[in-house]
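Since the structure of chain A is provided, determine the placement of chain B on it from the hints.
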Amino acid sequence: MTDFSASEMMAVAAARMLRDGTVCFVGIGLPSTAANLARLTHAPEVVLIYESGPIGAKPSVLPLSIGDGELAATADTVVSTPEIFRYWLQGGRIDIGFLGAAQIDRFGNINTTVIGDYRKPKVRLPGAGGAPEIAAMAKEVFIVLRHTRRAFVEELDFVTSVGHGTGGDSRARLGLPGAGPTVVITDLCLLRPDPETKELVVTALHPGIARDQVARATGWPVRFAADLVVTEPPTPSELAALRDLWRRTAEAHGETSGEGS
Amino acid sequence: MAEITSLREAIAALVRDGDTVACEGFTHLIPHAAGHELIRQNKRDLTLVRLTPDVIYDQLIGMGCARKLVFSWGGNPGVGSLHRFRDAVENGHPRPLELEEHSHAALANAYVAGASGLTFAVLRAYAGTDLPAYNSNIRFLRCPFTGEEYAAVPAVRPDVAIIHAQKADRRGNVLLWGILGVQKEAVLAAKRAIVTVEEIVEELDAPPNACVLPRFVVTAVCRVPFGAHPSYAQGYYARDNRFYRAWDDISRDRERFREWMVRHVLETADFAEYLRSAGITVPPERSA
Chain A
3 MTDFSASEMM AVAAARMLRD GTVCFVGIGL PSTAANLARL THAPEVVLIY ESGPIGAKPS
63 VLPLSIGDGE LAATADTVVS TPEIFRYWLQ GGRIDIGFLG AAQIDRFGNI NTTVIGDYRK
123 PKVRLPGAGG APEIAAMAKE VFIVLRHTRR AFVEELDFVT SVGHGTGGDS RARLGLPGAG
183 PTVVITDLCL LRPDPETKEL VVTALHPGIA RDQVARATGW PVRFAADLVV TEPPTPSELA
243 ALRDLWRRTA EAHGETSGEG S
Chain B
-9 MAEITSLREA IAALVRDGDT VACEGFTHLI PHAAGHELIR QNKRDLTLVR LTPDVIYDQL
51 IGMGCARKLV FSWGGNPGVG SLHRFRDAVE NGHPRPLELE EHSHAALANA YVAGASGLTF
111 AVLRAYAGTD LPAYNSNIRF LRCPFTGEEY AAVPAVRPDV AIIHAQKADR RGNVLLWGIL
171 GVQKEAVLAA KRAIVTVEEI VEELDAPPNA CVLPRFVVTA VCRVPFGAHP SYAQGYYARD
231 NRFYRAWDDI SRDRERFREW MVRHVLETAD FAEYLRSAGI TVPPERSA
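Sequences listed follow chains A and B, in order.
Throughout the first sequence, residue numbering follows my numbering, covering 3 to 263 in sequence.
Throughout the second sequence, residue numbering follows my numbering, covering -9 to 278 in sequence.
Chain A with its partners taken away, still in its complex shape (with noise of 0.2 Å):
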């Protein structure tokens, strides 16, 4: 079996969430990262929509901010930032919101605003964006975040964005049009919502990952689906095209000049 690191089979996990063909309205980072390796591989059909404006953007390295050159320059079309999130996204053309986190509970609810009190924060995060919209309106929500205690919460410090809320038909009841989050891609699992409480549940492990390793990384009594499967390693295919693409991309961002230069 080829070697493999846990990043690597999170990115690989997550691109194989995309089915070929959808649309696609992709946070930056990991997301960003899953989203385009999907593209490459499996899924080269997928339209890729970035809230700076981007339409079917096809960018040969990751961009490094939401908002690249090249996400432009190999759009279908680029819009504006009020066109995204009022036709595309609260029309209700998306089909899956890609979205990183800081901080995620049990029903796939998101922080990425404060650590600790609001109006005295620990840690001041960057604030919410696009991704409340695109966690209420996307069709789905995928999540992919790495696994530690820090961000698998007993309870939010602050809700940003709406999974599941407070479990059951709680979406429903908020008047939330799409279906939330069902799959969240980690570094260690696959986790999705049970179908009728909608806590989180484990439902596959990634190769070599034991139980009590997620359940020590998870900060509240994570459950295990009676059905546990173990993650596809990745193919050495897919591991060629991440890896192709992490160069590149390494390639394409350190060439840039800048101070001291």
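Hints may contain errors.
To be verified - Within a straight-line C-alpha distance of at most 25 Å, the following computed SDA-like cross-link-like pairs (lysine to any residue) qualify:
(1) A:Lys124 <-> B:Val69
(2) A:Lys60 <-> A:His44
(3) A:Lys141 <-> B:Asp120
(4) B:Lys58 <-> B:Phe130
(5) A:Lys122 <-> B:Ala200
(6) A:Lys124 <-> B:Arg57
(7) A:Lys122 <-> B:Pro84
(8) B:Lys181 <-> B:Arg161
(9) B:Lys181 <-> B:Gly225
(10) A:Lys60 <-> B:Gly225
(11) B:Lys58 <-> A:Asp119
(12) B:Lys58 <-> B:Asp9
(13) B:Lys181 <-> B:Gly70
(14) A:Lys122 <-> B:Gly54
(15) A:Lys124 <-> B:Pro122
(16) B:Lys58 <-> B:Asn127
(17) A:Lys124 <-> A:Val155
(18) A:Lys122 <-> B:Gly70
(19) A:Lys60 <-> A:Gln92
(20) A:Lys122 <-> B:Gly225
(21) A:Lys60 <-> B:Ala200
(22) A:Lys60 <-> B:Glu275
(23) A:Lys141 <-> A:Thr79
(24) A:Lys141 <-> B:Glu139
Since the hints were made in silico from the structure, they are not lab data.
Only chain B this time, still in chain A's reference frame:
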């Protein structure tokens, strides 16, 4: 009607202490040079508006120019935190910063409302989130036709909008392309608008549906080559990712930040001199 002036004159004449100022730009075409001029002229008590405050707002906040920030995502894109912004929010340094925090969708709609002559924007947003609990400018109303509940936020109506664009013609008509963010809406929502441009040309030669801001909605046009650095201007130069990384270090420490700003911004006359002083080589566009 647009006047073609120097950036120094435009900022001096059109921005007053206490104004609400929107320096817009969504990663692309961020009006960095104009932000520096606000700092050089020591503008105070500004309410700064922007969806994505990044390095230039970090500098304005760190230099004490801002009283309040209206925003939806504040970070150093691709790098991490804005340290001067965080110091202001977490420790009140150099002065407390009042926050009015939205999501992108809401703030983008608020600009559209401002540009449309409305007093508020209506959208599907915020249901179930904690943001309305901390921002009294997020309210809810019902559709008079269906009874559905919607969020409402007040229109953004800046005293001054400041943007950077690729080109203007000699009469002051402005052309921009690529990632447009909310720049058109910001200009149309504002009482006064300052546009810095890469170059001034005889003819814009803009295709019919291009994003052109006619000169009657622009107050001042100022030629400032590389005026968006460290962000980029499509067709002219690339994003200086190394500078964004370097900023993390420069801005982490209060003293180092202040020294850097004094040396390279306060003690230089304009953006060209700043670029030389800070040893910046603006990166060319990457050939695809």
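Here is how each hint holds up against the structure:
| no. | hint | in the structure |
| --- | --- | --- |
| 1 | A:Lys124 <-> B:Val69 | holds (20 Å) |
| 2 | A:Lys60 <-> A:His44 | holds (14 Å) |
| 3 | A:Lys141 <-> B:Asp120 | holds (22 Å) |
| 4 | B:Lys58 <-> B:Phe130 | holds (24 Å) |
| 5 | A:Lys122 <-> B:Ala200 | violated (45 Å) |
| 6 | A:Lys124 <-> B:Arg57 | holds (21 Å) |
| 7 | A:Lys122 <-> B:Pro84 | holds (16 Å) |
| 8 | B:Lys181 <-> B:Arg161 | holds (20 Å) |
| 9 | B:Lys181 <-> B:Gly225 | violated (30 Å) |
| 10 | A:Lys60 <-> B:Gly225 | holds (18 Å) |
| 11 | B:Lys58 <-> A:Asp119 | holds (19 Å) |
| 12 | B:Lys58 <-> B:Asp9 | holds (11 Å) |
| 13 | B:Lys181 <-> B:Gly70 | violated (34 Å) |
| 14 | A:Lys122 <-> B:Gly54 | holds (20 Å) |
| 15 | A:Lys124 <-> B:Pro122 | holds (21 Å) |
| 16 | B:Lys58 <-> B:Asn127 | holds (14 Å) |
| 17 | A:Lys124 <-> A:Val155 | holds (16 Å) |
| 18 | A:Lys122 <-> B:Gly70 | holds (20 Å) |
| 19 | A:Lys60 <-> A:Gln92 | holds (23 Å) |
| 20 | A:Lys122 <-> B:Gly225 | violated (43 Å) |
| 21 | A:Lys60 <-> B:Ala200 | holds (22 Å) |
| 22 | A:Lys60 <-> B:Glu275 | holds (17 Å) |
| 23 | A:Lys141 <-> A:Thr79 | holds (22 Å) |
| 24 | A:Lys141 <-> B:Glu139 | holds (20 Å) |
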